[in-house]
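Participant: What follows is each chain in one-letter form.
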Amino acid sequence: MTRRLSTLFHTCWLLLLCVAPTLHAETEDKLQLSGFARVILGYLDDENAEYVGYDNSISANQQSLLGLQAEYLFNDELSVTGQVVGFTDDQRNSGLEWLYISYSPSNALQIKLGRQRIPFFNYSDSLDVGFAYPWLTLPQQFYDTAFFSTFDGVLANYQFALNDWQINYEGYWGRFDDKIYLASEEINTQVIGLFGFNTSFAYKNLSLRASYNQGDVNIEQEEARLFSQQLRQFGFANNAEWLDANGLIQFYQLSANYENLDYFLRSEVSKMVSDGGLVADIESFYISAGYNFYPYTFYISYSQKDLHFDHRPSEIPLGVTPELDFLAATYADVIGRFADDKATGIKIGSRWDWQPNIAFKAEMTFVEAQDEISNDYAVKDLGGFDGHAMLYQLGVEWVF
Amino acid sequence: MKVYSTLLLLFAFCCPHHMAAAETIIVVANTSDKSIKLNRQQVRNLYMGGIMPYDLKAIALPPENHTRVIFNTKVVGLTESRIQSYWAQMRFTGRKKAPKEIKNEMSVLEYLQNHEGAVGYLLAGTPIPDGLSVIYTVR
Chain A
1 MTRRLSTLFH TCWLLLLCVA PTLHAETEDK LQLSGFARVI LGYLDDENAE YVGYDNSISA
61 NQQSLLGLQA EYLFNDELSV TGQVVGFTDD QRNSGLEWLY ISYSPSNALQ IKLGRQRIPF
121 FNYSDSLDVG FAYPWLTLPQ QFYDTAFFST FDGVLANYQF ALNDWQINYE GYWGRFDDKI
181 YLASEEINTQ VIGLFGFNTS FAYKNLSLRA SYNQGDVNIE QEEARLFSQQ LRQFGFANNA
241 EWLDANGLIQ FYQLSANYEN LDYFLRSEVS KMVSDGGLVA DIESFYISAG YNFYPYTFYI
301 SYSQKDLHFD HRPSEIPLGV TPELDFLAAT YADVIGRFAD DKATGIKIGS RWDWQPNIAF
361 KAEMTFVEAQ DEISNDYAVK DLGGFDGHAM LYQLGVEWVF
Chain B
401 MKVYSTLLLL FAFCCPHHMA AAETIIVVAN TSDKSIKLNR QQVRNLYMGG IMPYDLKAIA
461 LPPENHTRVI FNTKVVGLTE SRIQSYWAQM RFTGRKKAPK EIKNEMSVLE YLQNHEGAVG
521 YLLAGTPIPD GLSVIYTVR
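Protein chains in written order, with my numbering: chain A, 1 to 400; chain B, 401 to 539.
It cannot be assumed that every hint is accurate.
[As the list claims (entries may be wrong)] One-sided and incomplete, this derived list gives chain A residues near chain B with beta-carbon spacing under 8 Å: (1) Ser34; (2) Trp98; (3) Ala108; (4) Val129; (5) Asn257; (6) Leu261; (7) Asn357; (8) Val399.
[Said to hold, decoys possible] Which bits of chain B does chain A cover? Going by a derived footprint, with three or more residues having C-beta under 8 Å, they are: (9) 449 to 458; (10) 465 to 479; (11) 485 to 495; (12) 523 to 533.
[Claimed, not checked] Pairs of lysine to aspartate or glutamate residues, derived as EDC-like cross-links and limited to a Cα-Cα distance of at most 16 Å, are as follows: (13) A/Lys380 - A/Asp340; (14) B/Lys500 - A/Asp76; (15) B/Lys500 - B/Glu464; (16) B/Lys474 - A/Asp262.
By construction, these hints were calculated from the structure, which means they are not laboratory data. The C-beta atom is built at its ideal place from N, Cα and C for all residues, glycine as well.
Could you build all of it, start to finish, from the sequences and the hints given here?
Facilitator: Written as structure tokens, this is what we have:
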């Protein structure tokens, strides 16, 4: 763990040092270099489970990371931005997260072309910038549900004012072609025709946001595909159809936030609907309230996820032939592997803004998994897990 | 009595934004149209990277500056830490950039005089040179 952290930080510092002379060579305004880092320690009080990668030992290699961003301004309207992030978590791909050309003909309009983060939810495009949000870990029952985070394509943003309301429209279109991780397994995934739009309204201390996103997903599930073919050959088309991992996925999101000098209230609710049988439908939300006692913030949050599959009952008759019995048993086993997943998380934590760019955080999360645990998401049953665990975390967030 | 004074002091120490009650903030601009006046919401939007009916560019004082603390309290209505986290999110998602920071009030006046469309905040009572105008005042 320590070695991996050390290698990551050395690599990133080396990169920083290499770029630094270039920085001095340019005028200050042309090239802008910035970055963010977080070092997070976590410990789960249950030896039979894992949560967000943490187990029953103190670990710093789940969420600790370093990100570097370089922006080059060609002129007032045109710029190019790149962001690389090195993760200590081996289930995240370190490397280029953003690389885009931005064109802003006015303050109101911005068009970006290239690799970007998908703005599904409020913090989807700033997941790794822990400094940007009060919690130490984002409400996992909500943020664990967006499986792919970047896309290659175009995004346009238009904002305007109407009677002191700030209104923002954003739309994007592109594709995703990379690996996703489920149950520590790498799965090649393609999403084409990925697009979405969102609108946000801000007035005084209140802000509201709504978004819609959709994509045609193609998940490489070779075993499922072959088994589906086999079922089709036997004439069980309904069951064969359910084994399809491909199809349209739609995300809906709504959020309402209120904040003033003393308090904040943040909430988001989302729904994901999918065509493919092997891709779940998900309903999730969180609500969080905080008290500012500058430079300290104290908060509580509650989040919930209900992930469920539309499991189709087996249409394979039993006791006819050994082959059919085997087929039925295999079908039951496959269904079992795509288990529903319901979980709640309750957080209590604090943030101390020590410097304008450095914050310390401490957080306790009580996680409760209901029914079966699929082991595909934040909560993993290592055997004999009773469904309750407490995660203790300490962290430092830095932006520069 | 002593207990109350101690508590009051403790309260004032813990909540610096509540200490700002007595001072008046003026928002000063270098604009050719001297009739421009903004309301609090417009000034807040300007400083949070929002859209304005006029072509104005905000400049700010550094985080530890006393005038900035009062401005955050009376106009933006957010703590310094929240403002910093907001700009971190905007910067690393490539959306907006925080107002340029100028080291002190004297330099703000100098910057405003040299840049048309620039807007800065100062304490009331600061002598305003010719060519600059007050577009918003908050007590």
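Participant: Work down the list of hints and note, for each, if the structure agrees.
Facilitator: Hint-by-hint comparison with the structure:
Using the Cβ-Cβ criterion of 8 Å, the hint placing A/Ser34 at the interface with chain B is satisfied: the shortest such distance is roughly 6 Å. Taking 8 Å as the C-beta cut-off, the interface hint given for A/Trp98 holds, the closest approach to chain B being about 7 Å. About 6 Å separates the beta-carbon of A/Ala108 from the nearest beta-carbon of chain B, less than 8 Å, and the hint is met. The closest approach between the C-beta of A/Val129 and any C-beta of chain B is roughly 5 Å, which is under the 8 Å cut-off, so the hint is satisfied.
Taken as an interface hint, A/Asn257 does not check out: its beta carbon lies about 11 Å from the nearest beta carbon of chain B, beyond 8 Å. Annotation: interface hint on A/Leu261 holds; nearest CB of chain B at approximately 5 Å, less than 8 Å. Against a cut-off of 8 Å between C-beta atoms, the interface hint on A/Asn357 holds, since the closest Cβ of chain B lies about 7 Å away. For the restraint placing A/Val399 at the interface with chain B, the shortest Cβ-Cβ distance is roughly 5 Å, inside the 8 Å limit, so the hint holds.
Restraint check on the stretch 449 to 458 of chain B versus chain A: 4 residues with Cβ-Cβ distances below 8 Å, three needed, restraint holds. Given as covered by chain A, the stretch 465 to 479 of chain B passes the check, having 4 residues with a CB less than 8 Å from a CB of that chain where 3 are the minimum. Against chain A, the stretch 485 to 495 of chain B contributes 9 residues with a C-beta closer than 8 Å to a partner C-beta. That satisfies the three-residue criterion, and the hint holds. Figure legend: the stretch 523 to 533 of chain B, annotated as covered by chain A; annotation inconsistent (0 residues with Cβ-Cβ distances under 8 Å, at least 3 required).
Restraint check for A/Lys380 and A/Asp340: the C-alpha separation of about 13 Å stays at or below 16 Å, so the hint holds. At roughly 15 Å between alpha-carbon atoms, B/Lys500 and A/Asp76 fall within 16 Å of each other, so this suggested pair holds. Taken as a hint, the B/Lys500 and B/Glu464 pair is honoured in the structure, with Cα atoms around 15 Å apart against an allowance of 16 Å. Of the supplied pair hints, the one linking B/Lys474 and A/Asp262 holds, its CA atoms being roughly 13 Å apart against a limit of 16 Å.
In summary, the structure is inconsistent with hints 5, 12 from the numbered list given earlier, while agreeing with the others.
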